[in-house]
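J.: Fit chain H to the supplied structure of chain G, relying on the hints for placement.
The residues making up each chain are set out below.
2 protein chains.
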Amino acid sequence: MSEAARLESIRTRGYARIATEEAFAPAAMLERYRRMLERHEFDDPGFRSLWGFYLGSRSPRATQIIAKLQDLGPQRMADMDATGIDRQIISLTGPGVQVFDAATAVAMARDANDELAEAVHRAPHRYSGLTAVAPQDPRAAAAEIERGKRQLGMKGVIINSHTHGEYLDHPKFSDLLAAAEAENTPIYLHPQSPSKGLIAPLLESGLDGAIYGFSVETGMHMLRMIVSGVFDRYPRLQVVLGHLGEALPFWLFRLDYMHRATVAAARYPNMRPLKRRISDYLRENIYVTSSGMAWAPAIRFCQDVLGMDRVLYAMDYPYQFVADEVAASDAVPLSDQERRQFFQTNAERVFSLQGS
Amino acid sequence: MSEAARLESIRTRGYARIATEEAFAPAAMLERYRRMLERHEFDDPGFRSLWGFYLGSRSPRATQIIAKLQDLGPQRMADMDATGIDRQIISLTGPGVQVFDAATAVAMARDANDELAEAVHRAPHRYSGLTAVAPQDPRAAAAEIERGKRQLGMKGVIINSHTHGEYLDHPKFSDLLAAAEAENTPIYLHPQSPSKGLIAPLLESGLDGAIYGFSVETGMHMLRMIVSGVFDRYPRLQVVLGHLGEALPFWLFRLDYMHRATVAAARYPNMRPLKRRISDYLRENIYVTSSGMAWAPAIRFCQDVLGMDRVLYAMDYPYQFVADEVAASDAVPLSDQERRQFFQTNAERVFSLQGS
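The listed protein sequences derive, respectively, from chains G and H.
For the first sequence, the numbering used here begins at -8 and goes up steadily by one.
For the second sequence, the numbering used here begins at -8 and goes up steadily by one.
Bound conformation, chain G alone:
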């Protein structure tokens, strides 16, 4: 599609479609996953379930996703044109480098960021990127967040949930969180497979993946950050959650009630009073995107309970690359201005896309 034709279609439509949770994977990273699986170098059951499937299966789903993940060129752009996506905000797919040892992870995150930044440089009107980091080395992660923002023009940070079973509420990750807050750059908290202590009964029933387990892993991760006081320590930190907030918006009322009751009863020594209610953090420090959730009732529900400025469009390419879902997202009953917020202006604000 010519750039003129694309701009004309945005003008006619009234909004650009910015897809905010779109994945890529460097070939070298997938190669390393393959080696880890073959050599049984890494005993994480979630990694084995997810990447054993994608890299081992001959199914159309697996082979297409593996091919599309690695492409930051013509195929991706053609897919965007075919479904009317004007801009992808691209991030390193889960679990990214978070399954490696620290040194490998630091190096591979840098490489991934360089590769992504180059693709963005080639197509700045269509691609934006998020900085991948290695939480295994929080200082290096902090430095990479700075480099990503200042030198590579990245628009946020991608964290693919747990790192070797550890979550961002752990004090060891404070440098990483402080850097994201200081750079005024949002963290996209993206799913990966549930950590070892969480996966057993999900895995044995085939529920560990995107069907359910991802949301348990990621919703819990977000709540751990909130109840441990991360946002009291970093009040300006902003986190973006996919899949309409991993169902946490559904729980706003109960989270407030049970947190208050649990704190009052002093049930857990490490669950202390917070400055705000749980729902306040979820409304003031969190954005949610509609990745994988092209469903009007849930989108409208989140807009109602979080605010119209807190819900962003996403596709979840290439995992959920479905033209009909773009049409379904277009058809969510919204005013013209609200639809523009949902597809375009919220993303421009949250990810500082002005001038891109």
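Don't take every hint at face value.
Identical copies carry no separate label here, and so any pair may be met within one copy or between two of them.
[As the list claims (entries may be wrong)] Lysine to any residue pairs mimicking SDA-like chemistry, simulated, CA-CA at most 25 Å apart: (1) K163 <-> D128; (2) K163 <-> I57; (3) K187 <-> P36; (4) K187 <-> D160; (5) K59 <-> A110; (6) K59 <-> R(-3); (7) K266 <-> R52; (8) K163 <-> Y6; (9) K187 <-> A58; (10) K266 <-> E195; (11) K59 <-> S48.
None of these hints come from the bench; they were simulated from the model.
Remember, it's a predicted structure, so these values are computed and weren't measured experimentally.
T.: This is chain H only, laid out in the frame that chain G set:
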């Protein structure tokens, strides 16, 4: 409150309030819990976290709940009168007898049912009961479901989620499920603490309880039943979920998409095609109650996506005994007829209360 005054207030209001997830605990069961905790007889971390708190804490929350759980007499009735609850559907609190050895569990379930049936017999206009069973002995459980329905006048069956880490999708529980279907009596699938394989990162952050872990445990349990084909084998089986369906209504769209994609890719040998979509089972074999979720946006959402006849009122007494929440539930924007469905007639139909 005199019975005449109560009936007059129902007439004025236009509906009776039937609370459908209300808990009790026989003193003997709590005594046995206490002994198990003291003697470290039972190494389930979820049980220790939950009941170590309730039975060990001097907090007002814990002591009041323990007192109210054991009362099936004047205190409970006074609490119902004070908050305008006309009828409680009472069930054995989680984890019930499901933490005991099979013989103890079978005996104690019978005792609990006899105690509850007697209370219902004393106040048939205010109390109804569900049958507690010991899934540890599925044949005995099936017999108890029959006895509960036919001899004790029970209105359903209570299952407090996992039994020693096993879920109702396991083939060993087929007698239990077959009996519930044959007796045309719904199973209330109620939370308990997450099973051992699911609890570690929830417990270490204080999220294992009603604030979040209960919903993970119980939502997963429900999904395990669906994806394993329980409702293809027992198509008339009806399950009631509290807490507005443990957020599963929020996931209807994604569950359908990901189940279809996972089955098509043959990712798991034990995840086979089903006769219906996941959302069909959730709309046709499941009812949800508003226990602990006295929040209009989520109640309305569930009514929208499941159907007005699928959402029932509940309080979650004594765990969430809050007069203001009854008022909030009254104030959910509904037509008079819909409000009567929500508070009264859906419960009368699902739990066969006609003539009670």
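J.: Does each hint hold? Answer for all of them.
T.: Checked hints:
1. For the homomeric pair K163 and D128, the shortest alpha-carbon distance inside one copy (9 Å) is at most 25 Å, but the shortest distance between copies (47 Å) is not.
2. For a Cα distance limit of 25 Å, the shortest separation of K163 from I57 qualifies neither inside one copy, at 33 Å, nor across copies, at 39 Å.
3. Proximity of K187 to P36 under the C-alpha cut-off of 25 Å is found in both arrangements, the shortest distances being 7 Å within a copy and 16 Å between copies.
4. Taking the shortest Cα distances, K187 and D160 sit within 25 Å of each other both inside one copy (17 Å) and across copies (22 Å).
5. When the C-alpha separation of K59 and A110 is checked against a cutoff of 25 Å, the pair qualifies only within one copy, where the shortest distance is 14 Å, while the shortest distance between copies is 64 Å.
6. Taking the shortest Cα distances, K59 and R(-3) sit within 25 Å of each other inside one copy (22 Å), while across copies they are farther apart (66 Å).
7. Proximity of K266 to R52 under the C-alpha cut-off of 25 Å is restricted to the inter-copy arrangement: shortest distance 22 Å between copies versus 46 Å within a copy.
8. With identical chains, the CA atoms of K163 and Y6 are never at most 25 Å apart, being 42 Å at best within one copy and 55 Å at best between copies.
9. With identical chains, the CA atoms of K187 and A58 are never at most 25 Å apart, being 28 Å at best within one copy and 38 Å at best between copies.
10. For a Cα distance limit of 25 Å, the shortest separation of K266 from E195 across copies, 21 Å, qualifies, whereas the shortest one inside one copy, 40 Å, does not.
11. Taking identical chains as interchangeable, the C-alpha atoms of K59 and S48 lie at most 25 Å apart only when both belong to the same chain, with a minimum of 15 Å there against 55 Å between chains.
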